[in-house]
Amino acid sequence: MPELFGVSDILDVISMQHFVQNMVSIPLIQPVIDFLLQIPVLGYIVALILWKPMFALLIFPGLMTLLTVLLFIIWFERKLTARIQWRKGPLEVLRWAGGVIQALADGLRYFFQEVIVHRDAHRLYFLQFPILIFIPVLLPLLFIPAGTIVGIKSPYSLAITVAVVSLIPVFIVAIGWASNSRFAYIGTVREAFMYFAYEIPFIISVISMILVYGTADMVTIVERQAIPGIILNPIAALVFFITTVMATSRLPFEIPEADQEIAFGPFVEYSGIMFGLVMTIAYEKMYILSLLMSILFLGGGNGPAIPLLGDISGVIWLFIKAMAVMVSLAFLRSIYARLRLDQALRVSWTTIMKISLVSLAIGVIINLTTVGVVG
Amino acid sequence: MTEREVVLDVPVQPPTDLFLPIPKKFLEEAYRGDDYVVLVGPQHPGSGHMRLILRIKGDVILEAIPDPGYVHRCMEKLAENRLYIQNIPLFERPAIMDTGNVTLGYVRAIENALDVEVPERAKYIRMILAELSRIGTHLYDAGILAVFLGHTTGFMWPFALREPIVEAITRISGVRVTSSFIIPGGVRRDVPWKTLEFVRKTTFVLEKRLKSFEKIFIRNPTVIERLKDVGVLSKEEAIKFGVVGPFLRASGVEYDVRAVEPYEAYDSVSWEIPISDHGDSYSRFLVRVEEIAQSISIIRQAVNELRSMPEGNIISEDILQEYSEVASSDIRGFFFKVFGNLVLPSGEFTSLTEAARGTLLYSIISDGESNIPYRARVITPGWYYLKGFMEALRGERLADLQAIYGSFGYFPPEADR
Amino acid sequence: MIKIKVPKLKMLDSVKLHVDALLTGAKEAIRPGTITIEYPRERRKLPDNFRGYILFSPERCKSCWQCSFVCPANAIKMELASNNRYYPSIDYAKCIFCHFCVDTCPVTALRPTKIHDVVYKDLEEMYTPTEGMVNPPKIIREEKYTVEYVVEGRDLILKRTREMDNLIPEIEPHAEVKEYSTCFDPESCLACGLCVNSCPVEAISITTVGQERRLKIDREKCYGCGICVNVCPMHILKLVKRPEEGG
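Residue numbers (the numbering used here), protein chains in the order written: chain A, 37 to 411; chain B, 10 to 426; chain C, 217 to 463.
Derived by calculation from the structure, the hints in this document are not laboratory data.
Some clues are possibly wrong.
[Said to hold, decoys possible] As a list, the in silico DSBU-like pairs of lysine-lysine whose alpha-carbon atoms are at most 35 Å apart:
#1 Lys-457(C) / Lys-66(B)
#2 Lys-210(B) / Lys-232(C)
#3 Lys-66(B) / Lys-310(C)
#4 Lys-224(C) / Lys-244(B)
Same shape as in the complex, but just chain A (with noise of 0.2 Å):
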């Protein structure tokens, strides 16, 4: 029978020396860390900051940047599409920077409201679902590999990633239930129909991949893309992108949120915090599929080294393509129009999901006659 963990065990797990041992490097900042490290107290809250696992789960690619991102990327999205309709879009918060505080501007806006429990509501759900989806929100960020930096080290990383993923459309779905509202059940059924059509052929891309490197390792993936896999299997690449327009709801495919139609869908009943936290969620999905597409397809944290900034660089890398793939996806909206739900089934069910087993195919092949070439 193993030992129980000792007491000395525990404190070698929460020592400082534990987490200097696997922290990040910044050479550029190193003498300041060194610095603060030998403080008592604020030394090991450094560390523990930059103890890798942590900073994946605070800084990169966790909380801060999401909050961040949220921010930077509703501002964007409406500033870019102001700019292509001949507007001038956000601009007074803030006014010599464009603007650019307007989203935290509406969010505290949304503090301070009321928050409205209709009387029909399922009070508990409609009041803890819009929280409890921060959990399959979070939760795929710890095992996304920024460069050297990731929370958790598995070889099914990416199966673990999509399936908590392919679980958020299941929180709106009961959202919507627990509004009990009648735009809120329409919107959840059209998310229901659209959650099945856009599933198959995301995994179908997926794995697809994971032929092509021969591993569901994120960590390896990244590290045997010397090719990128747009490059590789670009019909993988195509089906991953439109079915994440698909799943984040952005036009064309903006069917279960409708605001022309149904007003906003499951999430018509809300209103204060609690909207600005539901709003958000279609945009926390975007953040993640498309730091997952630039993992999968664009070399995730790899690229030229900064070697003054040492883990940051894959850190910047994979930001910088995330928010490539973010800011394409924001302009799709100003293109396009809603399509009906039925004609969305129809692309997704024959179209997409053809091109999806053509991918499958390539990655088959792929897998089958070039095992030296990327594995």
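Once you have looked at the hints, place chains B and C on chain A.
Relative to chain A, chains B and C alone:
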């Protein structure tokens, strides 16, 4: 100061039954069967307040019954209490952008009654104003169609494209939308050459920017997908249900009041009638897009014609009479003296105009003695094609309601008057 | 007659249309054709014939009431001033800015301006008495630029200039016709005296000679406002053009 509760004992009972302007049998039948009765509106569904009562089986509309009148403003009754000249701003109100055509129709009815010959220069200026309004209205409707389809750029661009048109109307008449510029016998002011040149240049701006608009909205695959083969009205149906204007032409009928009974200077400029054989929502939209191109061509020809004409003389001498020497190029100072006590000979006088959305009929009945109309009848194109609109909905999906609504450019304030 | 062709959505055409739409969007994102005028900071240059706030010159007014007669919205009310004359006042809650009154005024006493952004606290304040119409209203002008739409190279361009636009354009007085009131059918006169009471300059008088009452219109005093013409129950008065001076 202490707060105290005030109880108001008001004997008001909330209504217990829902009033629907449909027979009870219809509801009972629908509920007994497998159908649903769905009320769409009267919240603002895009372009005005109006209710549609739909009978639905599954996702398919079996029958559509309109419930218009939410923005009825008694235009005709109000007109009976006003001087003839005061009705011009009144009749402009229903159609936001279509000021040129709406005023032109009313003024032409008065001119018919008084048998006034309008000076050539005034005719061309009026035609330019009417065509500018037509382009503006078509762009407005395209914007509403786009917002129904969830295409935000398709909504913003036409409204931005209206801006040069509005600017041109401002320079001509001095006000952005309700110009009240066309008066019996001519127009209120002469339009200087500089303004006409701006109008001509504006048409090039429209042409250039409409090309981008065509790529991003008109020929956008998702838009084609949504509109094509939706809400089809065949040629026979369109004639039977009395559809007018571009919507009739989209079903393959070559009818345009401007061509059949030319008024103003439409017979001296060359232009084509765009028609389509499909009769679906997309061709209804495309016909109006092509009409914009035709209107642009008409405006350019009109400006070229005006170039060779001497300035001044824009109000008919028949109507100015003793003030014709001083007021023939500028009505200022003599407006009330000329039009204040305008009395029409007794009888009924009618004019047909091709407004942007279709045939517009004005009928004025005068008793021959008073300076107000005894009866004024306005039938707007929206009212004409409402039946056709309802028939186009039959057999379509509920989600296509918006697409068909937008393709007809149905504008409740115009139809309800 | 033009036949409209509906594009067919074959696979390849569809891809081309998708690419077209995306490229157009990208082009606009890089070089946008923005036409926004940021209003309080910039002001659109309006044409001189713009129909805005109406100014009034009482010294020109001859109290003919025509502006209030022609107003389609009943916004103009004639107010009795201290000099026993009636002057117009405008209720801007009702005014629709058709400027029929401006076109009506025979002596250019009403003048249009380009002011269109006056702020009122409540509906009562929107009623502007005659004194309020003499001077332009107070507006706060924050603009640094005046913007004009200019067409250059087949595209709309916003031309910004640093100067402040003059919102009160000089209006040339238009042609006037000097007229006086006269009776064309004295036999029908009832001698009711309504015209005498209505005349603002007391040009009409009634003298009683025995059984007869005589109506006398003083051509020198009369300035042709036409109120008596409208008042006369028998419709026997009319305005006649005054012969040219020295003619």
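field: Restraint status (C-alpha distance of Lys-224(C) to Lys-244(B) at most 35 Å)
entry: 22 Å, holds
task: Could you grab the alpha-carbon distance between Lys-66(B) and Lys-310(C) and see if it respects the 35 Å cut-off?
output: 49 Å, violated
query: Regarding the pair Lys-457(C) and Lys-66(B), is the alpha-carbon distance no greater than 35 Å?
result: 75 Å, violated
Agreement of Lys-210(B) and Lys-232(C) with the hint, judged by alpha carbon distance not exceeding 35 Å: The given pair, whose Cα atoms are some 32 Å apart, holds under the 35 Å limit.
Violated hints, listed in ascending order, are 1, 3; each of the other numbered hints is respected by the structure.
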